[in-house]
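Listed below are the residues making up each chain.
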Amino acid sequence: MIDSRGFDSFDLRFIGLIAIILSVGVLSIYSVTHSQDTSFPFYLKQLVWILLGTVAFLVMYLSDYHKIARLAYPTYAVILIMLAVVLFMGKSSRGAQRWIPIGPFAFQPSEFAKLVLILVLANYYSRAPRVGWLHRVVLPGLIVLPGLLLILKQPDLGSGLSFLAVYAAMLLMVGVRSKALGIILLLSVMLFPFVWEMVWASLHDYQRERVMAFVDPDYDPGGKGYHALQSRIAIGSGELSGKGLYGGTQSQLKFLPEGHTDFVFAVYAEEWGFVGVLVLLALFIALIWVSLEIAARAKDTLGALLAAGVVAMLCFCVVVNIGMTAGMFPIVGIPLPLVSYGGSATIMTMASLGLLLNVKRRRLSLFY
Amino acid sequence: MATAGFNDSELLDLQRRLVILRVGLLLVVGLLALRLWHLQIREGPYYRDLSENNRTRSVVLEPARGLIFDRNGILLANNVPSFALYVTLEDVKDRGALVAQLASLLSLDPELIQKKLSLGKGGKLQPRKIKDRLTLREATLIESHRLDLPGVMIQVESQRNYPAGDVAAHLLGYVGEVSADQLEKPDFADLHQGSIVGQYGVEKWFDRQVRGRAGQKSVEVDALGHEKRAIVSDKPVAGDDLYLTIDAKLQKIAEDLLGEESGAIVALDPTNGDILAMASRPGFDPNVLSKELTNKQWVEIVQNERRPLNNRATQGQYPPGSTFKVVMAAAALESNTVTPSTMVRCNGGYQFGNRLFHDWKQGGHGSVDMNEALIHSCDVYFYTVGQRMGIDTIAEYAKQFGLGQETGVELPSERVGIVPSTAWKQKARNQPWYPGETISAAIGQGYVTVTPLQMASVIGTVANDGVSVKPRLVQAVMNRGTGERAEFPPTVRGKVAVKPATLALIKAALADVVTKGTATRAKSPLVAIAGKTGTAQTAALRTGPEKDIPKKFRDHAWFVAFAPVEAPRIAVAVLAEHMGHGGSAAAPLAKDVIEAYVKAYPEVLHGVPSSGRAKSAATAVGTRPNL
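Sequences listed follow chains H and W, in order.
Quick note on the working numbering: the first sequence kicks off at 5 and runs consecutively.
Quick note on the working numbering: the second sequence kicks off at 508 and runs consecutively.
One should not assume that every hint holds.
Examples of chain W residues toward chain H, derived with CB under 7 Å [unchecked claim]:
1. 534
2. 541
3. 542
4. 767
When the alpha-carbon atoms are kept at most 30 Å apart in a straight line, the in silico DSS-like pairs for lysine-lysine are as follows [what the hints assert, rightly or not]:
5. W:600 - H:258
6. W:1058 - W:1030
7. H:258 - W:711
8. W:759 - W:1014
9. H:49 - W:742
10. W:600 - W:622
11. W:631 - H:258
12. W:638 - W:711
13. H:258 - W:1014
14. W:711 - W:742
Keep in mind the hints are simulated off the structure, nothing from the lab.
Backbone N, C-alpha and C define an ideal beta-carbon position, used for all residues, glycine too.
So that you can see chain H by itself, here it is in the shape it has in the complex (with noise of 0.2 Å):
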């Protein structure tokens, strides 16, 4: 499966911003984590991941991503059962059972649901025929909808959102006529309190509290909002050029919770300030730049697919993850891609990199 041809595919620009905003994660996390006296410190840890994510990255760009899709459905299946036994044996953590333990480790097949899904939903929508909107919104929703269920059940309301992300921007990516958009719009609102009552009630309490947290940002601030009001402190008071490397007073004495996870964009601009913070807005702005110049030069339906399919995660995870710290949107638990610590999400977003490189290989491909 592995192709040894196309190394000259290889986009310096892509894996050098790959290689610097996996840079300001691993220092962030030793920012944050440095004083804790573990055996295994976290920023180690999370060079292995990186390492096992650069393989991951290998493995995706060097198969024949027509053959990896074609594996798309028995994978998702098998990710629809690990979800199921999660339920069940899953190791608990803040009330959400997200994760199977392996030996010291734990795995989280909700991350990885999110790359099966795009290879699903490219997979179906490069195949299906695609008349009458059954076809286009209803069966590949029938597809997503066991995967979110057993998602939200966890439950995980991040990935349960970068799930519908990905369903949308597929059905953006094949076109929608605007009598379809319209009804879906209508549906939507007209179902909003149905639907926003159903997940209102699957909620556990803590992401109620998260979300009144969220409408009301005073709302008990020593409490549940206090994630939010910390990462808004910690963001704030960095101003223009941050308080230094180690100098974050609100990571550093631990006041704000997280900091090495879904909260390591508030350590980092807490650190760098508006400086940093535009810098790296501006690594992602240019990696995902440049990953949507490889879709919009794919190959085929199914590479240009995949290519947006992976597109519009990483937008969806950057943009979700700092609006939330950054107190525009309510706390739901997304990793910022590449930065956040975590085994399962960085082989992910890495592998999910490398198969965006690899719809680029194919284009060069002369075997096309």
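Fit chain W to the known structure of chain H by using the hints.
This is chain W only, laid out in the frame that chain H set:
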């Protein structure tokens, strides 16, 4: 190779739609950047403040109170280290749980903790003092629960301690936490909840000097309120030390002389006003009162029938009885009502209208002049001269001697007693003065009341040849930082308008009171003492012998004295409540105090000039004594 679902044109369509993603991306990232600009640039300073507050807690460093010494450098009040427990609400996640936990660990009333938490200004960042004087066990207990008690802090502070226990308790007073009402006042503006202030005695009077100034420490804390690092930004400044005029040993002797009885003994140096001893019984232990008392304990003390908190020397107002005759003598001679040789016949009673005023001696004293009237305390003589003088003349001289007004001693809540006059009665009772009332007043009964300190001052003024020096308790204040000692010069209040000859006559008569008059029990082989006895009636219903009367209706015994007669260096007033006759009950106490004094300071027997002797207003006011 064609794909199953889309043809090439559709692929182009698809790729064109990526533009929407591009535009959307730029739009959303632009919004993010705008939001971050708002947070970091526009509201940056605000969030910077919040983050500073997040990590720093400012802790007040309590100053050590100034020490208090007696005139010989004996320590009367110092400070001992102790633990105090503070709570910073900002770091408390669950207030109810914390209160419950502290209440059980320290066996405190949860309501009291709640009350302390709600006191004070400075918001949630200002640590509240919940309890001081924690035992070592309590402090250890708290420290071992450190991790479950975010926001709780143990500080080592100094606590007021009175090494001599209850000695001089009324003088020293006690300290306590500043009250909510006090905090409202400008005098306490620089204080905060938990500050210790003097609540009584010189601790209160000199609080500003003794208090010192609090310092500040910035403590960097983590999210759980645990201390990470501390920076002392402002060191506390210890309060000034006080040097009192009292002699702690003499004070103890005076207190022991009163023993279990109620009463007061004041001893002062008439030449400079130094209060050498000021005993008031019953007393209290200021160490106990400086602690936080429960409501019940406090009520018990305040409602104690014997009123131990009352400083009888400055706050007890008693009829002066015959000791008032000293003032009467001066008034009668100076107002030319009588001459020294004017004789008055005493038959044991004085008829006024249809009422007979008895002399204390049945059968009377016969014909007496001023000298004999003082020596034997003849009531009829003073009824007669009092009646001739009239109440307003009596009042005028009483005021000259300082009665009816504050002595100005450095103690809070000094009482002034009553010097009755026609004007006083009109104002206080809205009644005219009845001439019969002058007769009671003439022997220090009726409306006349005085404090023991006032009487010590009166006899001191006589001893000091008419120069009245303000009684004082504090000689000097020493700044602990600079070591600079500021002396307080004695203050001459004035000279009574009494001729030296008159004063000489009175002094001689008072010396005879001890050698052959009513106070022979004050006679001392060590030193020549002069004095005047007094018996102050407390109840109108008095029949039969003293021992048959319930104690609480018995008379108060007075004795005022000075010594040595030739060059007086000590003036004493003794008031023993319900102890009967001054000659038998009070005079021996005065003698013991005087003897103890001359034993301790034998130089006073040889006419050595007093330090800081204030002879007259012209020379002494505002000058510094040579110490």
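Taking the hints in turn, this is what the structure says about them:
1. 534: Hint on residue 534 of chain W: violated, closest Cβ of chain H at ~10 Å, above 7 Å.
2. 541: 10 Å, violated
3. 542: 5 Å, holds
4. 767: Hint violated; residue 767 of chain W Cβ to chain H Cβ min 58 Å, cut 7 Å.
5. W:600 - H:258: This hinted pair holds, its Cα atoms lying about 15 Å apart.
6. W:1058 - W:1030: Holds. Residue 1058 of chain W to residue 1030 of chain W sits at ~27 Å (cutoff 30 Å).
7. H:258 - W:711: 46 Å, violated
8. W:759 - W:1014: 29 Å, holds
9. H:49 - W:742: 46 Å, violated
10. W:600 - W:622: 18 Å, holds
11. W:631 - H:258: 19 Å, holds
12. W:638 - W:711: Holds - the C-alpha atoms of residue 711 of chain W and residue 638 of chain W are around 22 Å apart, at most 30 Å.
13. H:258 - W:1014: 82 Å, violated
14. W:711 - W:742: 24 Å, holds
Hint compliance for this structure: hints 1, 2, 4, 7, 9, 13 are not met, and every other hint is.
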